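> Okay, here's what each chain looks like letter by letter:
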Amino acid sequence: MKPPTDPSNSMSSDIQSKIADRIQAIPRSGIREFFELVLNAGDVISLGVGEPDFATPWHIREAAIYSLEKGQTSYTSNLGLLELRKSIAKYVAQKFSVAYDPAKEVIVTVGVSEALDLAFRALLNPGEEVIYHEPCYVSYSPTIYMAHGVPVVVETQAEDDFALRASAVEKCITPKTKVIMLNFPTNPTGAVMDPKELQGIADLAIKHDLIVITDEIYSELLYDDRTHPSIAALPGMKERTILMHGFSKAFAMTGFRLGYACAPPALTEAMMKIHQYSMLCASITAQVAAVEALEHGAAPMEEMRKAYWRRRNLVVSKLNGAGLKTFQPGGAFYAFPDIRSTGMTSREFATRLLEEEKVAVVPGTAFGKAGEGFVRACYATAEDQLAIALERVAAFAQRHRG
Amino acid sequence: MDALLDLLTKDSRLSVEDLAARLNLTAAEVQAKVAAWEADGTILGYQAVIDPEKTHSSGVTALIEVRLTPERGGGFDRLAERVAKFDQVKTCWLMSGGFDLAVVVEAGSLQEVARFVAEKLSTLGGVLSTVTHFQLKIYKQNGFLSTPAPDGLRLPITP
Numbered sequence: 001m002k003p004p005t006d007p008s009n010s011m012s013s014d015i016q017s018k019i020a021d022r023i024q025a026i027p028r029s030g031i032r033e034f035f036e037l038v039l040n041a042g043d044v045i046s047l048g049v050g051e052p053d054f055a056t057p058w059h060i061r062e063a064a065i066y067s068l069e070k071g072q073t074s075y076t077s078n079l080g081l082l083e084l085r086k087s088i089a090k091y092v093a094q095k096f097s098v099a100y101d102p103a104k105e106v107i108v109t110v111g112v113s114e115a116l117d118l119a120f121r122a123l124l125n126p127g128e129e130v131i132y133h134e135p136c137y138v139s140y141s142p143t144i145y146m147a148h149g150v151p152v153v154v155e156t157q158a159e160d161d162f163a164l165r166a167s168a169v170e171k172c173i174t175p176k177t178k179v180i181m182l183n184f185p186t187n188p189t190g191a192v193m194d195p196k197e198l199q200g201i202a203d204l205a206i207k208h209d210l211i212v213i214t215d216e217i218y219s220e221l222l223y224d225d226r227t228h229p230s231i232a233a234l235p236g237m238k239e240r241t242i243l244m245h246g247f248s249k250a251f252a253m254t255g256f257r258l259g260y261a262c263a264p265p266a267l268t269e270a271m272m273k274i275h276q277y278s279m280l281c282a283s284i285t286a287q288v289a290a291v292e293a294l295e296h297g298a299a300p301m302e303e304m305r306k307a308y309w310r311r312r313n314l315v316v317s318k319l320n321g322a323g324l325k326t327f328q329p330g331g332a333f334y335a336f337p338d339i340r341s342t343g344m345t346s347r348e349f350a351t352r353l354l355e356e357e358k359v360a361v362v363p364g365t366a367f368g369k370a371g372e373g374f375v376r377a378c379y380a381t382a383e384d385q386l387a388i389a390l391e392r393v394a395a396f397a398q399r400h401r402g
Numbered sequence: 403m404d405a406l407l408d409l410l411t412k413d414s415r416l417s418v419e420d421l422a423a424r425l426n427l428t429a430a431e432v433q434a435k436v437a438a439w440e441a442d443g444t445i446l447g448y449q450a451v452i453d454p455e456k457t458h459s460s461g462v463t464a465l466i467e468v469r470l471t472p473e474r475g476g477g478f479d480r481l482a483e484r485v486a487k488f489d490q491v492k493t494c495w496l497m498s499g500g501f502d503l504a505v506v507v508e509a510g511s512l513q514e515v516a517r518f519v520a521e522k523l524s525t526l527g528g529v530l531s532t533v534t535h536f537q538l539k540i541y542k543q544n545g546f547l548s549t550p551a552p553d554g555l556r557l558p559i560t561p
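Taken in order, these protein sequences are the chains called X and Y. Counting from 1, one number per residue, gives the positions in the first sequence under my numbering. Counting from 403, one number per residue, gives the positions in the second sequence under my numbering.
What the hints contain is simulated information worked out from the structure, not anything from laboratory work. Be a bit skeptical, because a hint or two may be false.
With a straight-line Cα cutoff of 25 Å, these simulated SDA-like cross-link-like pairs (lysine to any residue) come out [what the hints assert, rightly or not]:
#1 X:LYS325 / X:THR365
#2 Y:LYS412 / X:LEU280
#3 X:LYS306 / Y:THR560
#4 Y:LYS539 / X:TRP58
#5 Y:LYS539 / Y:SER460
#6 X:LYS306 / Y:ARG415
#7 X:LYS318 / Y:GLN543
#8 Y:LYS539 / Y:VAL519
#9 X:LYS318 / Y:GLU419
#10 X:LYS306 / Y:LEU555
#11 X:LYS369 / Y:PRO558
#12 Y:LYS412 / X:TRP58
#13 X:LYS306 / Y:LYS542
#14 X:LYS306 / Y:LEU427
#15 X:LYS306 / Y:LYS539
#16 X:LYS196 / X:ASP209
#17 X:LYS306 / Y:SER460
#18 X:LYS18 / X:ARG32
#19 X:LYS318 / Y:LEU425
#20 X:LYS306 / Y:VAL418
#21 Y:LYS435 / X:LYS196
#22 X:LYS95 / Y:ARG415
#23 X:LYS176 / X:LYS369
#24 X:LYS86 / X:LEU354
#25 X:LYS369 / X:LYS18
#26 X:LYS306 / Y:VAL519
#27 X:LYS306 / Y:ALA430
Between beta-carbon pairs, the in silico distance windows are [what the hints assert, rightly or not]:
#28 X:GLY71 / Y:GLY447: 44 to 52 Å
#29 X:GLY71 / Y:THR471: 47 to 55 Å
#30 X:GLY71 / Y:GLN449: 42 to 50 Å
Part of the chain X face toward chain Y, derived, beta carbon under 10 Å [to be verified]:
#31 VAL38
#32 SER46
#33 GLY48
#34 GLY50
#35 ALA55
#36 ALA163
#37 ARG165
#38 THR254
#39 ALA307
#40 ARG311
Note that this is a predicted model, so its numbers are computed, not measured. Note that beta-carbon positions come from the ideal geometry of N, C-alpha and C, so glycine has one too.
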């Protein structure tokens, strides 16, 4: 579990011992490990990214530039610009049918990542448990752990297309459970939730008096006329839910680092306490850009969504055609092919694909043990590149059919 | 817009199979739809978008504002269609505002454009006046920037 030490530094073992035990115990992200292999491989087509290939739409960038020209370079209120919080409340009400008070129930953060950290630190006493589902985004478990909580995994199953079952969550509930953490559509699988199961999870949260944190970062990127109810909108849930969302994926604003959390006033206040001492506020330039995105970004977002939809169709049909069984993901921009027909582990598959065909995918195990036998292929890549990459993957799969 | 039409507008060189894979259609469905659109004039043609600076073309392009006298019964249509028929005319729009037709003309030289305006356009009955603007530089055409944004700004692997 320990991160590798640097042998070139003779002091390294001494310095290493100075690092806090609980931080030493955290493994490096599986993605970061793979990152170095990819960098050394040279000219690679990467399906390993976790961000849009589109630059932020120009009208949003232009709004950020204009704010700089005007000299808007100050701090904002800890919670974020009121104008932005009002836009967020309006957008969330329209999109998820949940009404939040922009004055007391919305906090603007540096990405959903910070919002998660704030929420766990605000909620968890040492030893309290958070149930989350794997395969999932790499930061959930370490963030819970760093907040002195205990991460409790529910593994989602390939036969359910990696959707979560309420019955599986129920089995993990103990007297120490405090939070259930959801992320649908899911990174890395693209899975979406069945509304019945979502209601089942809401029932569990109410019955056992639990908090639900829902990471809605991919909720705009849904395909085939699918709708995506947020658990926050179900009866009795708003008062026990922290809804988290951001601008990175739908508006292609990853580098702006901007997200938000909507939660009951007491929870928002608790998160704000941590935020004000650790972060103060999110960048004003990003906040101004975000207002533009929410108020005028619907059409460019829809264009990007349509492009992802076309790419998803292409990727899923080509991967299945290559003998790598891939379910049709309902959202996000990831396909999660089953690579067991090659007889390789996820890591072997990804490493050899990189070496032999110069295509980067991320081993499913980077997202939890349940990802073994799968790899994540991100289709947020230009279609011509995607087509070449898929041909190479098909040739590779052909060669290595087990 | 239909998703197939939308995609053809972005890239008309994709094969029938490639179009089908991107849109969850069968190749036969794509073929049938495209054939129907070609037959009924929904799809008028397919073109490459070329940057003339790269071809070192010596041709000139002009935007000509034309004011017309509308006619009883037909309005501007008869005259506009007559103007549009000239080979030099690449685009011809009826406009709101201070003039009636916006006519984009391509020709080999300034003189050819001048001759077209003086001899063909201005002499048409019903043409009241023309104002000719010559194109100096193209920054964007048909949605394509002349200097596209650079690729490869992303890290190859991100969380």
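> All hints, please: hold or fail.
So, going through the hints one by one against the coordinates:
1. Pair hint LYS325 (chain X) plus THR365 (chain X) holds up; C-alpha atoms about 17 Å apart against a cutoff of 25 Å.
2. With a C-alpha separation of about 44 Å, the suggested pairing of LYS412 (chain Y) with LEU280 (chain X) is violated against the 25 Å cut-off.
3. Restraint check for LYS306 (chain X) and THR560 (chain Y): satisfied, since their Cα atoms lie roughly 23 Å apart, inside the 25 Å limit.
4. Restraint check: the Cα-Cα separation between LYS539 (chain Y) and TRP58 (chain X) comes to about 22 Å, which is no more than 25 Å; the hinted pair holds.
5. The straight-line distance between the Cα atoms of LYS539 (chain Y) and SER460 (chain Y) is roughly 13 Å, inside the 25 Å bound, and the hint therefore holds.
6. With a C-alpha separation of about 19 Å, the suggested pair LYS306 (chain X) and ARG415 (chain Y) falls inside the 25 Å cut-off, and the hint holds.
7. A C-alpha spacing of about 33 Å is found between LYS318 (chain X) and GLN543 (chain Y), which places the hinted pair above 25 Å, so the restraint is violated.
8. This hinted pair checks out: LYS539 (chain Y) and VAL519 (chain Y) have alpha carbons roughly 22 Å apart, not beyond 25 Å.
9. In summary, the hint linking LYS318 (chain X) to GLU419 (chain Y) is supported, as the alpha carbons are separated by about 11 Å, within the 25 Å threshold.
10. Restraint check: the Cα-Cα separation between LYS306 (chain X) and LEU555 (chain Y) comes to about 22 Å, which is no more than 25 Å; the hinted pair holds.
11. In summary, the hint linking LYS369 (chain X) to PRO558 (chain Y) is supported, as the alpha carbons are separated by about 24 Å, within the 25 Å threshold.
12. Pair hint LYS412 (chain Y) plus TRP58 (chain X) holds up; C-alpha atoms about 19 Å apart against a cutoff of 25 Å.
13. Taken as a hint, the LYS306 (chain X) and LYS542 (chain Y) pair is honoured in the structure, with Cα atoms around 23 Å apart against an allowance of 25 Å.
14. For the given pair, LYS306 (chain X) sits about 15 Å from LEU427 (chain Y) by alpha-carbon distance, which is consistent with the 25 Å threshold.
15. Between LYS306 (chain X) and LYS539 (chain Y) the alpha-carbon distance is near 32 Å, which puts this suggested pair outside the 25 Å criterion.
16. Distance hint between LYS196 (chain X) and ASP209 (chain X) is fulfilled; the C-alpha atoms sit about 20 Å from each other, no more than 25 Å.
17. The straight-line distance between the Cα atoms of LYS306 (chain X) and SER460 (chain Y) is roughly 39 Å, outside the 25 Å bound, and the hint therefore fails.
18. With a CA separation close to 23 Å, the supplied pair LYS18 (chain X) and ARG32 (chain X) stays within the 25 Å bound.
19. A C-alpha spacing of about 13 Å is found between LYS318 (chain X) and LEU425 (chain Y), which places the hinted pair at or below 25 Å, so the restraint holds.
20. Restraint check: the Cα-Cα separation between LYS306 (chain X) and VAL418 (chain Y) comes to about 19 Å, which is no more than 25 Å; the hinted pair holds.
21. For the proposed pair LYS435 (chain Y) and LYS196 (chain X), the alpha carbon gap of about 38 Å is over 25 Å, so the pair is violated.
22. For a cut-off of 25 Å, the pair hint linking LYS95 (chain X) to ARG415 (chain Y) is broken: about 37 Å separates their Cα positions.
23. With a C-alpha separation of about 24 Å, the suggested pairing of LYS176 (chain X) with LYS369 (chain X) holds against the 25 Å cut-off.
24. Simply put, LYS86 (chain X) and LEU354 (chain X) have alpha-carbon atoms about 46 Å apart, too far for the 25 Å limit, and the pair is violated.
25. Of the pairs offered as hints, the one joining LYS369 (chain X) and LYS18 (chain X) is violated, with about 30 Å between alpha carbons and a cut-off of 25 Å exceeded.
26. With a C-alpha separation of about 44 Å, the suggested pairing of LYS306 (chain X) with VAL519 (chain Y) is violated against the 25 Å cut-off.
27. The hinted pair formed by LYS306 (chain X) and ALA430 (chain Y) meets the criterion: a straight-line CA distance of about 22 Å does not exceed 25 Å.
28. Our hint of 44 to 52 Å for GLY71 (chain X) and GLY447 (chain Y) holds, since their Cβ atoms are close to 50 Å apart.
29. For GLY71 (chain X) and THR471 (chain Y), the Cβ-Cβ distance of about 54 Å falls inside the hinted range of 47 to 55 Å, so the restraint holds.
30. The beta-carbon spacing between GLY71 (chain X) and GLN449 (chain Y), approximately 46 Å, falls within the hinted interval of 42 to 50 Å.
31. Hint status for VAL38 (chain X) relative to chain Y: holds, with the closest Cβ pair at about 5 Å, below 10 Å.
32. Taken as an interface hint, SER46 (chain X) checks out: its beta carbon lies about 4 Å from the nearest beta carbon of chain Y, inside 10 Å.
33. Given hint, GLY48 (chain X) at the interface with chain Y, holds; its Cβ is 4 Å from that chain's nearest Cβ, closer than 10 Å.
34. The beta carbon of GLY50 (chain X) comes within 5 Å of a beta carbon in chain Y, closer than 10 Å, and the hint placing it at the interface holds.
35. At a threshold of 10 Å, the smallest CB-CB gap from ALA55 (chain X) to chain Y is about 6 Å, leaving the interface hint in force.
36. Interface restraint check: ALA163 (chain X) against chain Y, minimum CB-CB distance 21 Å, threshold 10 Å, status violated.
37. With 10 Å as the threshold, the beta carbon of ARG165 (chain X) stays out of range of chain Y, its nearest partner Cβ sitting at about 27 Å, so the hint is violated.
38. Given the 10 Å rule on beta carbons, the hint for THR254 (chain X) holds: about 8 Å separates it from the nearest Cβ of chain Y.
39. Interface restraint check: ALA307 (chain X) against chain Y, minimum CB-CB distance 9 Å, threshold 10 Å, status holds.
40. Contact between ARG311 (chain X) and chain Y, as hinted, is supported at the beta carbon level, the nearest pair being about 7 Å apart and thus within 10 Å.
Taken one by one, the earlier hints fail for this structure at numbers 2, 7, 15, 17, 21, 22, 24, 25, 26, 36 and 37, listed in ascending order.
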